[in-house]
Amino acid sequence: MTLSVTNTISGEREAFEPVTDETVLLYVCGLTVSDDAHLGHARVWTHADVMHRWLEHVGYTVTHVENFTDVNEKIAARAGEPGLGETEEAVAQHFTASVIADMRGLNLKRASVYPRVSEHIPEIISLIERLIDGGHAYESNGSVYFDVTTYAEYGKLSNQKLEHLESQGDPDERSEKRNPSDFALWKAGGVSPEAIQEHAKHDHGDDVPCGQTWDSPWGEGRPGWHIECSAMSMTHLGETIDIHVGGHDLVFPHHENEIAQSEAATGNQFANYWLHTGLLETKGEKMSSSLGNFFTVSEALSEFGPNVIRSFYLSTEYSSKQTYSVDAMTEAETRWERLSRAYENGVAALDSVTAQTKAADESLRSAVETTRTEFTAAMNDDFNVREAMAALLSLTSAVNSHVDSGGPHDYKALKDAIETIETYAEDVFGFQFTTPSDGDVSLASDLAALVLEIRTQERDAGNYDRADDLRDSLTSIGIEVQDSDDGPTFRLP
RNA sequence: GCUAAGGUGGCAGAGUCCGGCCGAACGCGGCGGCCUGCAGAGCCGCAUAUCGCCGGUUCAAAUCCGGCCCUUAGCUCCA
Numbered sequence: 001m002t003l004s005v006t007n008t009i010s011g012e013r014e015a016f017e018p019v020t021d022e023t024v025l026l027y028v029c030g031l032t033v034s035d036d037a038h039l040g041h042a043r044v045w046t047h048a049d050v051m052h053r054w055l056e057h058v059g060y061t062v063t064h065v066e067n068f069t070d071v072n073e074k075i076a077a078r079a080g081e082p083g084l085g086e087t088e089e090a091v092a093q094h095f096t097a098s099v100i101a102d103m104r105g106l107n108l109k110r111a112s113v114y115p116r117v118s119e120h121i122p123e124i125i126s127l128i129e130r131l132i133d134g135g136h137a138y139e140s141n142g143s144v145y146f147d148v149t150t151y152a153e154y155g156k157l158s159n160q161k162l163e164h165l166e167s168q169g170d171p172d173e174r175s176e177k178r179n180p181s182d183f184a185l186w187k188a189g190g191v192s193p194e195a196i197q198e199h200a201k202h203d204h205g206d207d208v209p210c211g212q213t214w215d216s217p218w219g220e221g222r223p224g225w226h227i228e229c230s231a232m233s234m235t236h237l238g239e240t241i242d243i244h245v246g247g248h249d250l251v252f253p254h255h256e257n258e259i260a261q262s263e264a265a266t267g268n269q270f271a272n273y274w275l276h277t278g279l280l281e282t283k284g285e286k287m288s289s290s291l292g293n294f295f296t297v298s299e300a301l302s303e304f305g306p307n308v309i310r311s312f313y314l315s316t317e318y319s320s321k322q323t324y325s326v327d328a329m330t331e332a333e334t335r336w337e338r339l340s341r342a343y344e345n346g347v348a349a350l351d352s353v354t355a356q357t358k359a360a361d362e363s364l365r366s367a368v369e370t371t372r373t374e375f376t377a378a379m380n381d382d383f384n385v386r387e388a389m390a391a392l393l394s395l396t397s398a399v400n401s402h403v404d405s406g407g408p409h410d411y412k413a414l415k416d417a418i419e420t421i422e423t424y425a426e427d428v429f430g431f432q433f434t435t436p437s438d439g440d441v442s443l444a445s446d447l448a449a450l451v452l453e454i455r456t457q458e459r460d461a462g463n464y465d466r467a468d469d470l471r472d473s474l475t476s477i478g479i480e481v482q483d484s485d486d487g488p489t490f491r492l493p
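Each residue of the first sequence is one higher than the one before, starting from 1 at the first, in the UniProt record's numbering.
Simulated from the structure, these hints should not be mistaken for laboratory data.
For clarity, every value in this text was computed on a predicted model and none was experimentally measured.
The beta carbon of each residue, even a glycine, is placed where N, CA and C say it ideally should be.
Among the hints, a few may not be true.
Restraint ranges, calculated between C-beta atoms of paired labels, are given here [claimed, not checked]:
hint	residue 1	residue 2	range
1	Ser-315	Ser-366	24 to 32 Å
2	Gly-292	Gly-267	37 to 45 Å
3	Ala-449	Ala-15	52 to 60 Å
4	Glu-426	Gly-267	41 to 49 Å
5	Ala-15	Ser-397	56 to 64 Å
6	Asp-133	Ala-390	47 to 55 Å
Hey, can you work out the whole structure from these sequences and the hints?
Quick look at the structure:
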């Protein structure tokens, strides 16, 4: 059973074969740091994270590069806003820090490198020079454009034909271009005041900043949007990479242009597999910064926590669009609870028996096998996380049944089940089960246990009203109480 | 207009590439039972699907082919 993925460029599912046997070169199209990240961004990160984790699980070493676009007119437009700093760099640093904090909060595996555009200007310039030397780009009024007619396969990713495309770029740069679809590799001068005003979220007055500029063979200027990814990808991963991941809204023009400029420059295939994640929608339209209908990652983290957010994302395949709603989050929370409760029940049962226990529970044993087989098949089938999650959840029923039966436990089967859940839920899906050894958690556990002891005394004395009051009080601060034959148990929030 | 993805039960969402195991997964919600002092959790079970519409191919179609309708996205910055 090997991995197959749906490649946007062919539109078909293809067997995955990396350039080298051992390593997977993964590039994730990162964020423009002009605002706080929202749940749409985190969806891409999370799916890319699970892909990364699965590739490692099946034995590859993953070199994961995820860029930050820290040079952009929208960033420059926000300079001077309270708390963001006076320069484009300061604004970019502010939001980069907040995005990294979000990523930490979501328990994403760290990328190998997080390259910034501002740190790759020399590489960008030399790539542009290479394109000019090869006859694929031309200078015009201090700006440099890519000539789309020099790359015969232009449009192969998005299936667009040049004659059907409208002009790319700002109206004022069209007169400088040879063809309407040519796109800027380098833009002369700073950010235009019009662009600043268009993206500004506050009034800059007369003191309009113009963003950073760099010296180049064509004069002072700034890199175009698309060239950065090509330059950073090549710098850190080489001319041909295995997987390029990004949101579906980037297929055209961004990824199309990346392919054109990269392959025109090197003559080599830029990325072997293009994987695009479906967009997150709310109320029938996509969540986006420009529409202002977004829910930021940090808000979501404080309201739901990382596990519930993951549970939400993993209820749909990466390639499908997904709708955000309060109901969807509630269901995601319930699904996560189901998984974590079963895990905790299983662990508690396992801790209560010894390895010498011989009772055999064939149904649990076969459930473990089925889960392993089905989970693996699902993940290898284009990272079908919904199917994989279904396999994992079906194991929760088996574990709960086994624990509920109360009879002698099957130590080996239970241990296998717990390890299977840990491997898939934590290592592959990136969930984090609560561990009682955490300092605060440990103290809270002790306190909750103390209260429950008092409640048990009240119950034994028949003071049910008093006992229920104590239970309600615990519930109100998020501690769930559950009575069972073996006495009360509780779960911390 | 051009391009791409999608339309499956109350909700959400697999299955469609490789037609039969799909009398349609997993889950949420609903209903009933077990357990419980009660509740929750858990377990067991039940109900709800003309698989967008029309036609075709086939012994057999949610799955293949053709036409149509609708939704979302891209063609301007966007994950």
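task = Check the following: the C-beta atoms of Ser-315 and Ser-366 are separated by a distance inside 24 to 32 Å.
result = Holds, since Ser-315 and Ser-366 (Cβ atoms, about 26 Å apart) stay within the stated range.
query = That 37 to 45 Å hint for Gly-292 and Gly-267 (C-beta), does it hold up?
reply = 43 Å, holds
Cβ distance range 47 to 55 Å for Asp-133 and Ala-390, holds or violated = 54 Å, holds
query = Within 56 to 64 Å or not, the Cβ separation of Ala-15 and Ser-397?
reply = 33 Å, violated
request  = Given the range 41 to 49 Å, decide if the beta-carbon distance of Glu-426 to Gly-267 lies inside it.
outcome  = 43 Å, holds
message = Within 52 to 60 Å: is that where the Cβ-Cβ distance between Ala-449 and Ala-15 falls?
response = 53 Å, holds
Hint compliance for this structure: hint 5 is the single one not met.
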